[in-house]
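Given chain A, put chain B in place with the hints provided.
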Amino acid sequence: MMNEYMVHIVDDDNAIRESLSLLMKSEGIQATTYATAEDFLSQYHPTESQCLLLDIRMPGMSGLELIEELKKRNISIPVIFITGHGDISMAVQAMRAGATDFIEKPFDSDYLIRRTRDCLQECLCLSHSNELKQKMNERLSRLTKRERQVMDLLVDGKQNKTIAYELNISVRTVELHRAKVMEKLSAHSLSDVVRTSILSS
Amino acid sequence: MANKNSEFESEDEDKVSVDARLQRELIRLGKKQLSESLSKLQSSEAMASESEVNEFLTHELQVHQIELEMQNRELRNAHKELEASRDRYADLYDFSPVSYMIFNEKGIIENINLTGSTLLKKQRVNIIGKPFVLWLEPYNTSDFFEHLRKVIQSGVKIVDEFKLKLTNAEFISIQMESVRSIDDENGYLCQSVIIDITESKRREVELHLRARQLKLITDSLPLQVAYLNADEKHLFANKTYIDWFGVTYTDVIGKAADKFWSKKYYSRVKSHLNIAYMGQPVTFDMELEGDGSATKYISVTIIPDFDINHLVCGVIMLIGDITDRLAIEVVDRQRLLDAAHFSRLNTMGEMASEIAHELNQPLAAISIYSDACKRFIKSQPFDDELIIKTLNDIGDQAVRAGQIIKHIRSLVSKKELMLSYTSVNDLIESAMELLAVELRSHNVQLSLNFLDDIPSAYIDEILIEQVIINLSRNAIDAMVETDSKERLLTIESSLINSTEFQVCIRDSGKGLSGKQLDSLFEPFNSTKADGMGLGLVICQSIVSAHHGRLWLDSKYTNGTVFCFKIPLMAEGFRDDE
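Line by line, the protein sequences are chains A and B. Residue numbers 0 to 200, in numbering that gives the first Met the number 0, belong to the letters of the first sequence in order. Residue numbers 0 to 576, in numbering that gives the first Met the number 0, belong to the letters of the second sequence in order.
Hints should not be assumed to be uniformly reliable.
[Unchecked claim] On the chain A side, residues computed to face chain B include the following (Cβ under 10 Å):
# : residue
1 : S25
2 : G59
3 : E103
4 : S108
5 : D109
[Said to hold, decoys possible] Derived lysine to any residue pairs resembling SDA-like cross-links, with alpha carbons at most 20 Å apart:
# : chain 1 : residue 1 : chain 2 : residue 2
6 : B       : K509      : A       : T35
7 : A       : K104      : B       : V398
8 : B       : K484      : A       : T35
9 : A       : K70       : B       : V398
What the hints contain is simulated information worked out from the structure, not anything from laboratory work. We treat Cβ as the ideally placed atom computed from N, Cα and C, and that holds for glycine.
In isolation and in its complexed conformation, chain A is listed as follows (with noise of 0.2 Å):
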């Protein structure tokens, strides 16, 4: 039943710690609380069917180096990073190291409560992510070229400004650009892009 279903959730924030269990808890997933990634590391036991809510940026060991941890100790785990709003070098980079997906503050809640569940049903995970996979890749191909370079840079974690001068254009086309791009590939905001770009990879 629900409780063959966990969610580990690690931030060093109390709140966020405390709210995001309440949520769980409210969509009758049970939830632990983690203050550090070491307390996570200490207390893990393999369960059936897991998720990790992890916040990347914590003092001691960062969220990031928990999942090179995770990797060298074997453990499988789906895991959805939390990071700050704008923080689009911290996603990629959490994408990058094996996330499922990353999500910003302040949260979707509904967006977080589906994610989880998909990452709690792994077997649906996997192949929802196949066919996630393939509707990504489907809509990048609708990008012209410079679309595409646009596109990169942003996932780049790249500014506006920083885009026209190094493709040699007018901070004016590339916000068309960058509009172009959050239309085609049905994102609503850059998190959307990225998580495109960094799936269908």
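Relative to chain A, chain B alone:
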């Protein structure tokens, strides 16, 4: 020696004349007695025959001869004694440490002792009989004759000073003490004792010169200088002091401080004065309300003066008008406040994204809490208590967000200096709240060591927090290249003594290079690529404005430690006291 021998040769001449006088006297006495015997003889002529007469005369003469011989012996003995005693007195006279001279009424030197002739640098034979004016500096010749006249006419002891010219280049000053005496011919003589006072005169002149120099120096000082003796009486005052009170030198000297200063002024200085009289130097500032004129500020320093027994025998008072300096300090203070404000704005700008993150935490929590609430309410029947608890949690997070905003606003708002009693440890914690995200994003561990429960310090909390934030951010930046597991920021606070607290901020970075150390506190010198290089300079200014000190503690080999100490009762920003 040759000189002395010649002296004694002349003495022998005297001796010969004495002996001759003695012989003449003896012959005179012999003749007298012989004539007495003859007259006796003539009166008894009748009764005596010639032979009887001869016999009698022979006997008489024999008796007389014996008597005369006895007398002669006595006289010779007496003469020897006299001679010995005279020699003794002559020695005393000659070897006396003071010079004796005898002048006649015309100022001719009748006699002089050996010391005297040494003083005049001539042999006695070349002195006796010469007029004294030969040795006198021409300008005091008439003074000497006046001296002589007074001695001889009045018969009273007279003391005068003269200047003598011994050679072309040698001058001496003498003191002459004279009395009258009578010579053989019932004339008057002037007997004088002469003391060489050249050295003491020279010292006197030197002392006078020194005193004049000292007065010149103290007079030209912008400070008011006065010396009070043990009875608080003025022994000395410089021109500035006298002018300040608008009096003359003679009005001040000898006058007691309580009689001289106004009652109000004296009463305020008295307690400090007492401390100085107990042997402790004191410095204090005072406000002088001008009558109708602008208020003046003075700084007073009182330094005790000790005698050879280490007792306070007086005090030196130094009073400086610091009104202008204070005015400059006010301007300087305003500049510092402006610079500090500017630096805070700069820091806040740099921290903008960190601050946004920090603010995001409670906002994210609120958003999740409220979503969870909604879900609970939808799933009827809901748990009332859980909903209420969650709403409370939401409220707490809103307060947390509000506090962050308030904190930021207080740091960026330009404000006047505000000294208040502040808990130093609370201030450190508050600064760390603001730095939480920065610490987290740089994976820096924080260790707060509050070694003492520091009593409230009278400081400007925004400025001191700025110092703590600046130093901590420097420490965080210094650890960028350090292994993320070893990044540790340690803040240690302690009480050094009952009057000062200390805060040390230590990083575990690679430390500063020698070159960096040299220019550490120089403005526009930054170790950071985008740094202004003003942070440390402003921190230092803030700390010194609180009468404290900021320094780099080099006793740790790894990492860098900045410490500052500030008096608990900071008298910084003087005019706000």
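Evaluated hints:
| no. | hint | verdict |
| --- | --- | --- |
| 1 | S25 | holds, 4 Å |
| 2 | G59 | holds, 6 Å |
| 3 | E103 | holds, 9 Å |
| 4 | S108 | holds, 4 Å |
| 5 | D109 | holds, 8 Å |
| 6 | B:K509 x A:T35 | violated, 26 Å |
| 7 | A:K104 x B:V398 | holds, 18 Å |
| 8 | B:K484 x A:T35 | holds, 13 Å |
| 9 | A:K70 x B:V398 | violated, 40 Å |
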